[in-house]
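Q: Chain by chain, the residues:
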Amino acid sequence: EDKVVQSPLSLVVHEGDTVTLNCSYEVTNFRSLLWYKQEKKAPTFLFMLTSSGIEKKSGRLSSILDKKELFSILNITATQTGDSAVYLCAVGGIQGAQKLVFGQGTRLTINP
Amino acid sequence: EPEVTQTPSHQVTQMGQEVILRCVPISNHLYFYWYRQILGQKVEFLVSFYNNEISEKSEIFDDQFSVERPDGSNFTLKIRSTKLEDSAMYFCASSDPDRPPNGAQHFGDGTRLSIL
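Chains as they are written, first to last, in my numbering: chain P, 1 to 112; chain V, 1001 to 1116.
Same shape as in the complex, but just chain V (with noise of 0.2 angstroms):
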């Protein structure tokens, strides 16, 4: 079964510091989205992504954030400057509405990215 796959399963990085977490959503899905959970929290929205644009964005995604679809089959989140409060669990996901089941997104094993 096709599956959404990220690297690196886990990032340590130093406060100030620029990360790319890396996505390869599901073959011939067209919507993308970055997702974060802090430890002990719920599951977040960070950001949506179609036809090469950002769809919606919630208030966390400010201008330290951003994402690319730099290929045919790469998805990035790039966090420019990162702080302590960064450290969480980000997922990537893909949906296609018109693929049974319509519109449910999947979900990549996630990047642990951990801020000292």
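Looking at chain P on its own, in the form it has when it is part of the complex (with noise of 0.2 angstroms):
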């Protein structure tokens, strides 16, 4: 069975902290690893991961891929308010229609 796990599943730091969110995945037909941040409705989306080792980042964010070691870590520098929100890890199968496995999510809470 397809399975997603993220870690932390809540975390509370103050504002200007770095924080590193982590997701480890067991998948067949691993395609592509996302990264979504969730504040009240939609996931919004981050990132897609495909190869091992090539940084994504998006000012303050970033997120990196090991395809060996079937994990993925979100980064966030400088943390803000505005940062608190669930950060779900999804996992896309084959190509075209994929369906995403999702994690269960890491509730980040950013203290003034």
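Source of the hints: derived by calculation from the structure; they are not laboratory data. Heads up, some of the hints might be wrong.
Quick list of in silico lysine-lysine cross-link-like pairs, DSS-like style, CA-CA up to 30 angstroms [to be verified]:
| id | chain 1 | residue 1 | chain 2 | residue 2 |
| --- | --- | --- | --- | --- |
| 1 | P | 37 | P | 56 |
| 2 | V | 1083 | P | 41 |
| 3 | P | 57 | V | 1057 |
| 4 | P | 57 | V | 1078 |
| 5 | V | 1078 | P | 68 |
| 6 | P | 3 | V | 1057 |
| 7 | V | 1042 | V | 1078 |
| 8 | P | 57 | P | 41 |
| 9 | V | 1057 | P | 37 |
| 10 | V | 1083 | P | 56 |
| 11 | P | 56 | V | 1078 |
| 12 | V | 1078 | P | 40 |
Every value quoted in this text rests on a predicted model; they were computed, and no experiment measured them.
Dock chain one against chain two, each of which comes alone in its own frame, and use the hints as you go.
A: Listed below in structure tokens is the structure:
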């Protein structure tokens, strides 16, 4: 059975701290790993990773994939209160209409 | 930025009733999906749809569920006879592997379905 596990489940830090969120997976037919930010409603797309060792970066957020060890990390530097959200990791399978298998999410709280 | 829109935002229905959840995917996207998230649990895949037919469905997507693309813009999920355990947030998503970022699914705000 395909499985995606995120850690920690919950994290509380102070504004300005750097955080690292983890995602490990065991799936058949791996094609891509995606990170989403879920605040109140829709998961909002952050990154899509398909190749090992290539960092994706967007502002203070960055992510990298290790296909040998089957995990990914999401880093957020200089955190702000607006970064408070649930961060979801999902893994996609075969090409085309690929179903996503989600982890349980990491709830990140940034205190001022 | 184009987005996936879903209606209604909240649906309250009596057990045993039929419900239709509506979605307008991003224009020119070719792949459509439904997911659900029971309160406090993971987001779960229900079904994917491409070229007017189901590509894949999960065990959750039994005979009580159906999907349809009735016209060029809408994508619907129908639950024929709702059960208490169908109460959840239902998300619609769409993607197009030929558009960057390749294949990333974009989600709507969801419909919160409450079965009484």
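Q: For each hint, tell me whether it holds in the structure or not.
A: Do the hints match the structure? See the list:
{"no.": "1", "hint": "P/37 to P/56", "verdict": "holds (15 angstroms)"}
{"no.": "2", "hint": "V/1083 to P/41", "verdict": "holds (23 angstroms)"}
{"no.": "3", "hint": "P/57 to V/1057", "verdict": "violated (33 angstroms)"}
{"no.": "4", "hint": "P/57 to V/1078", "verdict": "violated (39 angstroms)"}
{"no.": "5", "hint": "V/1078 to P/68", "verdict": "violated (41 angstroms)"}
{"no.": "6", "hint": "P/3 to V/1057", "verdict": "holds (17 angstroms)"}
{"no.": "7", "hint": "V/1042 to V/1078", "verdict": "holds (21 angstroms)"}
{"no.": "8", "hint": "P/57 to P/41", "verdict": "holds (24 angstroms)"}
{"no.": "9", "hint": "V/1057 to P/37", "verdict": "holds (25 angstroms)"}
{"no.": "10", "hint": "V/1083 to P/56", "verdict": "violated (42 angstroms)"}
{"no.": "11", "hint": "P/56 to V/1078", "verdict": "violated (38 angstroms)"}
{"no.": "12", "hint": "V/1078 to P/40", "verdict": "holds (24 angstroms)"}
Against the hints set out earlier in the document, violations occur for numbers 3, 4, 5, 10 and 11.
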